[in-house]
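Colleague: Chain by chain, the residues:
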Amino acid sequence: MSIILKTEKLRVEYRSREMRQATKVAVNGLDLEVSAGEVFGFLGPNGAGKTTAMNVLLGFVPPTSGAAYLFGIDVRQPIARQRIGYLPELTYYYKFLTAEELLRFYARIFGLSRATTDRRIAELLKLVELEPAAKRPIKGYSKGMQQRVGLAQALINDPDLLILDEPTSGLDPLGRMKVREIIQRLKGEGKTVFFSSHELGEVESVCDRVAIIHQGELRAVGRVAEIRGNHQNLENAFLDLIGYKPQPAILP
Amino acid sequence: MKNAIAVAGVVVKELYRRKDFYVLFIVTVLICLVMASVNIYDDTHIARYLKEISLLLIWISSLVIAITTTARQIPAERENRTLIPLLAKPLSRTELVAGKFLGCWLACGLTLLCFYVFFGALAASREHHWPLENYVQAALMHWCLLGIVVSMSLLGSLVFAAPSSNATICAVVIAGILFVARHLDQVAVTRPEPFRTVAYIFYYALPHLEFYDLRDLIIHDWPPVDWEYVGLAGLYGAFYMAVFIISACLVFRRKAVN
Amino acid sequence: MTSMRTNLLLAIALLVACFGMAAHLGPEFLGWRGSRSTGDILNVVLGDSRRLFASQFFTKADEYYHSGYYPSMFDNKSAFQTAHIAADTGAVNSKNEGDEHGFLGPPRNWIDRFGRHFFPNRHTHLDEDSPDDLSGSEKVGEILPWLKLSADLDPDNVQTYTVTAYWLWSRMRNVAEANAVLHEGLRNCPKSHEILYEMGRLYEESYHDHEGARNVWEQGVRYWLQLDPSITGGNRPIRELVADWITRPTNLAPAQSGDKLSMEQLSTHLAQLEENAGNLPRAIEWLEAAKKVSLTREPLQDRINLLNSKLGQELNPLLKPLF
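Chains as they are written, first to last, in this note's numbering: chain A, 1 to 252; chain B, 1 to 258; chain C, 1 to 323.
Rather than coming from a laboratory, the hints here were simulated on the basis of the structure. Note that beta-carbon positions come from the ideal geometry of N, C-alpha and C, so glycine has one too. Treat the hints with caution; some may be incorrect.
Claimed, not checked - Negatives, chain B to chain C, calculated, CB over 12 Å: (1) Gly9; (2) Tyr16; (3) Val38; (4) Ala47; (5) Lys51; (6) Leu106; (7) Phe160; (8) Arg253.
Claimed, not checked - Subject to a maximum C-alpha distance of 27 Å in a straight line, what follows is the list of computed BS3-like cross-link-like pairs (lysine-lysine): (9) Lys13(B) to Lys139(A); (10) Lys95(A) to Lys13(B); (11) Lys6(A) to Lys19(B); (12) Lys95(A) to Lys24(A); (13) Lys260(C) to Lys291(C); (14) Lys139(A) to Lys126(A); (15) Lys95(A) to Lys139(A); (16) Lys77(C) to Lys95(C); (17) Lys135(A) to Lys13(B); (18) Lys191(C) to Lys77(C); (19) Lys126(A) to Lys13(B); (20) Lys95(C) to Lys148(C); (21) Lys19(B) to Lys143(A); (22) Lys2(B) to Lys143(A); (23) Lys6(A) to Lys187(A); (24) Lys292(C) to Lys260(C); (25) Lys9(A) to Lys255(B); (26) Lys95(A) to Lys126(A); (27) Lys13(B) to Lys2(B); (28) Lys13(B) to Lys143(A); (29) Lys292(C) to Lys310(C); (30) Lys135(A) to Lys187(A); (31) Lys255(B) to Lys24(A); (32) Lys178(A) to Lys19(B); (33) Lys255(B) to Lys135(A); (34) Lys178(A) to Lys255(B); (35) Lys24(A) to Lys13(B); (36) Lys255(B) to Lys95(A).
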């Protein structure tokens with residue numbers, strides 16, 4: 001199976017705002033590989049370095065050392081993103097554009113032909129149930145509608161790799177179910193999905209493999225069953241791996 | 001290049017969907033119409049004062065549109081987080097900067113077209129003739145000036161944190177260049193060192209925007225400038241646009257996206 | 001926590017207090033000497049700073065006269081110290097001395113040389129008929145809006161009225177408007193001898209109303225003489241006043257010393273008027289008055305001598321063939 005996403009001793013340092021520390025290490029020596037067709041969960045507590053690692057993969061932040069590749073191409077080259085789709089956690093799009101115009105704009109950046117663009121837009125608007133609102137400016141959309149626009153733009157180029165940052169964050173149970181269905185469908189089509197999430201129950205049900213990162217370092221990577229091991233569920237395994245010890249309950 | 005053109009298209013759409021241009025255009029038209037209705041000793045053929053006032057308003061409006069539209073492009077994208085899904089596409093930062101410049105410059109060109117058509121109609125209503133070559137020349141030179149202004153504002157938007165501070169600084173710098181740059185060498189001669197050297201450095205380094213101000217020639221019905229000199233001025237402007245845009249690309253390469 | 005009702009009552013109390021204070025202070029403000037509220041809109045908005053703008057717009061009119069080829073504050077302005085539109089009226093002392101064609105000087109560097117292609121680069125006057133497309137008497141009206149604005153902004157500036165009127169009646173043949181401008185000037189500057197001089201020229205040269213011109217010029221002379229506080233009996237006949245003044249020592253009052261040209265012009269025009277009417281003795285009297293303030297006395301004396309000789313011919317027709 002070909003490696004779609006790869007990091008080699010990835011290290012990202014930021015200059016700290018606190019005087020005592022010269023730099024803050026957000027990601028330290030991260031080695032990851034994601035194969036084609038996998039659904040890969042990227043887990044970690046807040047501030048673990050998940051978003052920083054994703055920012056490197058998407059070319060937003062240059063690595064301090066190490067390397068990252070998408071489809072074998074260095075992530076610093078724009079062409080590395082030709083076959084990916086990205087859904088950020090917080091979705092904001094040009095308020096003055098309609099959903100259709102936004103998708104057409106992104107399709108143009110991907111170099112899609114007019115016919116392909118028209119077809120993809122029609123399919124995606126139907127998939128995310130935004131057909132009635134397609135010609136309204138996005139500024140009039142609800143939060144849920146904006147997230148669905150986000151999903152549509154992430155899929156506009158029929159990507160081979162979909163990168164999702166907390167895809168179910170802020171969604172109601174129905175919304176979360178729809179996202180899970182879409183992930184399952186993409187997996188069925190042979191696509192690769194790489195996503196970060198705090199919803200460990202969902203991760204357990206959809207992911208093939210997971211990686212757990214804490215304080216910038218990779219703590220574990222492997223199949224869900226391997227990670228769970230002898231623990232009752234993935235959540236307990238996760239807490240154990242990050243070194244969390246539950247506090248005894250204080251009786252009144 | 002096609003990505004830059006796509007980005008430019010979105011910028012133009014933004015301009016004509018915002019109210020700025022329409023407000024400025026309507027205010028300009030209203031003021032000019034009021035000025036045109038003033039009775040100047042019962043002489044209905046007087047036109048030059050009207051041309052001067054309308055051209056002044058056009059210049060002010062176009063500079064406001066150019067600076068404010070450009071100053072908020074990338075900072076607003078960063079603030080509204082629309083930059084993230086955009087840069088997650090196969091679009092380089094250089095293409096983004098180029099696209100923003102092209103879009104803002106093209107948008108300015110379209111607004112200039114509307115303003116100059118109105119100006120031509122207003123002038124023709126008094127003078128009963130239409131020196132098309134002069135107007136075309138003036139509009140082209142004006143557009144070239146706005147290209148320099150746009151590229152300067154774009155660089156400023158990447159250097160300064162807030163769009164408002166960038167817009168203010170750009171407006172002050174551009175006004176200073178328009179009023180004073182031409183005379184800096186005369187000022188330099190009267191100053192002692194090291195101010196003299198500093199004044200000369202500014203004189204030769206700053207873009208001389210007064211080359212593009214053909215208002216006096218239009219107002220007082222001078223013949224058009226030789227196209228050879230217009231071409232040279234265009235090349236001069238293109239050089240400065242390139243310098244500012246390349247600098248903007250270099251600055252943006254190192255900037256955090258969020 | 002205050003209730004909604006309390007807040008409302010407080011707001012009403014404040015409103016009442018504000019209106020009451022405004023009603024009490026209003027009449028005091030209207031009666032205040034520094035109040036601008038009863039003036040026109042420009043006076044209310046700008047106050048005395050409007051006079052600064054007025055002089056700028058007067059210069060703007062001169063710039064328009066030159067089709068935009070005009071020195072900036074950085075250039076050599078010696079040939080433009082007196083606005084040409086004013087100097088041309090002949091009613092002001094011209095202070096211009098310098099190169100009005102080449103005030104920019106030679107190009108200082110390549111930027112200056114290149115830049116000169118993009119703004120007006122030669123000296124022209126709007127009203128001079130020449131092959132140049134920029135000139136033509138029908139275009140000289142373009143200076144009027146700025147003169148009008150200058151007059152509106154500084155109604156106490158006499159020169160604006162005289163220059164505007166001159167250009168209206170002399171170059172644009174718009175006599176009625178020129179007359180209206182001068183009358184407005186007199187309303188705002190009641191004792192202006194300069195305006196009366198210009199009005200007299202209008203009556204003389206446009207309306208051919210010699211009597212009207214004489215009356216107006218004599219009134220102008222009267223006002224000029226009254227600039228000297230030591231001159232008493234201002235209502236005496238003008239001949240008496242002038243005769244008195246001629247016999248006085250040559251010290252002029254400060255206000256008169258600064259404006260000798262005005263008296264010279266009034267006197268010489270009155271002299272010409274009287275000469276044309278055949279009143280040679282009166283013409284001579286006016287020329288004597290002009291000589292007292294003129295810087296060029298010899299031509300005036302020559303004219304007096306000529307008139308004296310003509311007077312001699314009239315008195316003794318037998319001597320006429322000798323001249």
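Colleague: Confirm or reject each hint.
Modeller: The hints, checked one at a time:
At roughly 33 Å, the least C-beta separation between Gly9(B) and chain C is larger than 12 Å, which holds for a residue marked as non-interface. Under the 12 Å C-beta cut-off, the non-interface status given to Tyr16(B) relative to chain C holds; the minimum distance is some 31 Å. Here Val38(B) does not stay apart from chain C, with its beta-carbon only about 8 Å from theirs, under the 12 Å limit. With a minimum CB-CB distance of about 7 Å to chain C, Ala47(B) fails to clear the 12 Å threshold, and the non-interface call is violated.
At the 12 Å boundary, the C-beta of Lys51(B) falls inside the reach of chain C, the nearest C-beta of that chain being 10 Å off. Every CB of chain C lies more than 12 Å from the CB of Leu106(B), the least distance being 24 Å, so the non-interface label holds. Non-interface status of Phe160(B) relative to chain C is upheld: no Cβ of that chain comes within 12 Å, the nearest being about 28 Å off. Remark: the non-interface label on Arg253(B) is consistent with the geometry, its nearest Cβ contact in chain C lying 33 Å away (cut-off 12 Å).
The straight-line distance between the Cα atoms of Lys13(B) and Lys139(A) is roughly 15 Å, inside the 27 Å bound, and the hint therefore holds. Annotation: proposed proximity of Lys95(A) to Lys13(B) holds, straight-line Cα distance about 11 Å (limit 27 Å). Between Lys6(A) and Lys19(B) the CA atoms are separated by roughly 47 Å; this puts the pair beyond 27 Å, and the hint is violated. Under the criterion of a C-alpha separation no larger than 27 Å, the hint pairing Lys95(A) with Lys24(A) is inconsistent with the structure, at around 36 Å.
Among the hinted pairs, Lys260(C) with Lys291(C) is consistent with the structure: their alpha-carbon atoms are about 10 Å apart, no more than 27 Å. Only pairs whose Cα atoms come within 27 Å are accepted, and Lys139(A) paired with Lys126(A) is accepted, the gap being roughly 20 Å. The straight-line distance between the Cα atoms of Lys95(A) and Lys139(A) is roughly 4 Å, inside the 27 Å bound, and the hint therefore holds. Between the alpha carbons of Lys77(C) and Lys95(C) the distance comes to roughly 11 Å, so the proposed pair stays at or under 27 Å and holds.
At roughly 15 Å between alpha-carbon atoms, Lys135(A) and Lys13(B) fall within 27 Å of each other, so this suggested pair holds. A hinted pair counts as satisfied when its Cα atoms are at most 27 Å apart, and Lys191(C) with Lys77(C) does not qualify at roughly 33 Å. For the hint pairing Lys126(A) with Lys13(B), the CA-to-CA distance comes to about 26 Å; that is within 27 Å, so the pair holds. A distance of roughly 24 Å separates the Cα atoms of Lys95(C) and Lys148(C); the hinted pair therefore holds under the 27 Å criterion.
At roughly 25 Å between alpha-carbon atoms, Lys19(B) and Lys143(A) fall within 27 Å of each other, so this suggested pair holds. The straight-line distance between the Cα atoms of Lys2(B) and Lys143(A) is roughly 32 Å, outside the 27 Å bound, and the hint therefore fails. Our distance criterion of 27 Å between C-alpha atoms is met by Lys6(A) and Lys187(A), whose separation comes to about 19 Å. This hinted pair checks out: Lys292(C) and Lys260(C) have alpha carbons roughly 9 Å apart, not beyond 27 Å.
Our distance criterion of 27 Å between C-alpha atoms is met by Lys9(A) and Lys255(B), whose separation comes to about 23 Å. Restraint check: the Cα-Cα separation between Lys95(A) and Lys126(A) comes to about 21 Å, which is no more than 27 Å; the hinted pair holds. With a C-alpha separation of about 17 Å, the suggested pair Lys13(B) and Lys2(B) falls inside the 27 Å cut-off, and the hint holds. Between Lys13(B) and Lys143(A) the CA atoms are separated by roughly 24 Å; this keeps the pair inside 27 Å, and the hint holds.
For the hint pairing Lys292(C) with Lys310(C), the CA-to-CA distance comes to about 22 Å; that is within 27 Å, so the pair holds. For the hint pairing Lys135(A) with Lys187(A), the CA-to-CA distance comes to about 31 Å; that exceeds 27 Å, so the pair is violated. The straight-line distance between the Cα atoms of Lys255(B) and Lys24(A) is roughly 18 Å, inside the 27 Å bound, and the hint therefore holds. Taken as a hint, the Lys178(A) and Lys19(B) pair is broken in the structure, with Cα atoms around 39 Å apart against an allowance of 27 Å.
For the hint pairing Lys255(B) with Lys135(A), the CA-to-CA distance comes to about 34 Å; that exceeds 27 Å, so the pair is violated. Using a Cα cut-off of 27 Å, the hinted pair Lys178(A) and Lys255(B) is violated, with the two alpha carbons roughly 36 Å apart. Distance restraint check for Lys24(A) and Lys13(B): the Cα-Cα separation of roughly 41 Å exceeds the 27 Å cut-off, and the hinted pair is therefore not satisfied. Among the hinted pairs, Lys255(B) with Lys95(A) is consistent with the structure: their alpha-carbon atoms are about 24 Å apart, no more than 27 Å.
Comparing the model with each numbered hint stated earlier shows that hints 3, 4, 5, 11, 12, 18, 22, 30, 32, 33, 34 and 35 do not hold.
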